[in-house]
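Chains as they are written, first to last, in my numbering: chain A, 1 to 197; chain B, 1 to 279.
No wet-lab data here; the hints were simulated from the structure. Certain hints may be false.
What the hints assert, rightly or not - A few chain B residues that don't get close to chain A, going by computed Cβ distances all over 10 Å: (1) P44; (2) G148; (3) A259.
Stated by the list, open to error - What follows is a list of derived Cβ distance ranges for each label pair: (4) A:L52 x B:Q155: 53 to 59 Å; (5) B:A182 x A:A183: 41 to 47 Å; (6) A:E122 x B:I60: 41 to 47 Å; (7) A:R192 x B:D63: 53 to 59 Å; (8) B:K150 x A:C138: 35 to 41 Å; (9) B:R41 x A:L52: 49 to 55 Å.
Note that beta-carbon positions come from the ideal geometry of N, C-alpha and C, so glycine has one too.
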Amino acid sequence: VSTPDPQGGVSDALHDPTTKDSRGGQDYPSSEGAQDFPLETYVLSVNGRELLVDDAWVGESLLYVLRERLGQPGSKNACEQGECGSCSVLMDGALVASCCVLAADAIGSAITTVEGLTGEGELSDVQRAFIEQGAVQCGFCIPGMIVALTDLLDRSPAASELEMREAISGNLCRCTGYGRIFAAFRQVQEERDRARA
Amino acid sequence: VSVIARPASLEDALDALDALPNAQLLAGGTDFMVEVNFGHRRPPAVVALRRVPELHGYEIRADEVDLGAGVTWTIVERELAGELPALAAAARTVGSPQMRNAATIGGNLGTASPAGDGLPVLLAADASLVLASRHGERTVPMAEFVTGVKRTVLQPGEIITRVRVPRLSGPQEFLKVGTRNAMVISICCAALLVDRVGRTVRMGLGSVAPTPVRAPEAESFIAAEIDWKALSAPAQSVVRFGELVRDAVRPITDHRGTAAYRSRAVQVIATRALERSLV
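From just these sequences and the hints, can you work out the full model?
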């Protein structure tokens, strides 16, 4: 477990990836450093429920709080610098990288994670299309892809191929080559078109 | 005292900064959170600005657009392409859709990265910034705002509230060099704004010096070469313009590119931006 520098700075140990918090992700100070790294208690609105975040370090990202404190591990933790999109969530309807949102500043916003796109045990049309098109290989990027494409399909139902590519330009997939992800997107568009007709 | 303040007015924000003098100002968080996530920063306190209404929205006036510092790149990209074409084009190249939904123009200015994509456009546009503090407001020209790598004239207790961008009549271009079209930090970028009324050409350059820079010699050279009625210029003058732009920059070698590559690339994109702007 990492320990805070008594000077209030960042100890060398915190830069060493081998000392990373065993839960993965951000290095978090232990609770003994409460005066250097003050704690906050607040409530976040996640998937329609008000959830208490108790005694959390003020610097924690929304991603960390969702995964490690609120039992919502669908948003994935990979780059922690907004590059990969695997932690994508909707915040007041806007697609954001939850690793780059300060959780303590997300108070008052409606947060929707991949878990909240449908009811428990149900699949959305986007999720089903991913399965049917074989768009999932290792699966790590898929929650972010699903949230990003759900956002686009809801916002812009007739989005073109280029708009779709731009919409997931911040979501990296290293397995599939994207082709089947694109096919899943087109399947949902066609299904929704038929449903409207 | 709470270590995070979430003021809902500018007055409360300035009070919070007064009460928490070491506080980090937080806008979209897309730069700040990366530093926190990697353990490079452990801020003792945060003043979060996203609820401050004085930083929201924009107003399109006859001669300028008055942008709130809290306006996101998504809003600039989607809503202001008509009034501020180069800024909207730059907005579209900032990070990813996820980043653009969170990141703000005020955050881009406050971070003042040499690679901040909005900064060369604001510099070329002769934008001015409104900075508020408990002592009142002051207006700072963009040309004086950034003083070095991630350094600005913003004083403790001050908050960027508005960004005033003059509207120009004429073509505008923004070009950026990176390893892909999306989600990339620029190796170099160039904003070219033509003012047909004032008969000036403004060239703003990013990632080629500690601060965003202009290319004054290249600008005055090409302004004298352009046939302003036809909006055309001799081919050799366009080439010369690119050379003068190249000579105006002081790039460094880093993990994104070498100084030599940046000099060459900035010459190419400056020339291309001019070619696209002329008839």
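Hints, verified against the model:
no.	hint	result
1	P44	7 Å, violated
2	G148	23 Å, holds
3	A259	25 Å, holds
4	A:L52 x B:Q155: 53 to 59 Å	38 Å, violated
5	B:A182 x A:A183: 41 to 47 Å	21 Å, violated
6	A:E122 x B:I60: 41 to 47 Å	45 Å, holds
7	A:R192 x B:D63: 53 to 59 Å	45 Å, violated
8	B:K150 x A:C138: 35 to 41 Å	37 Å, holds
9	B:R41 x A:L52: 49 to 55 Å	27 Å, violated
Figure legend: structure checked against the earlier numbered hints; hints not met, in rising order: 1, 4, 5, 7 and 9.
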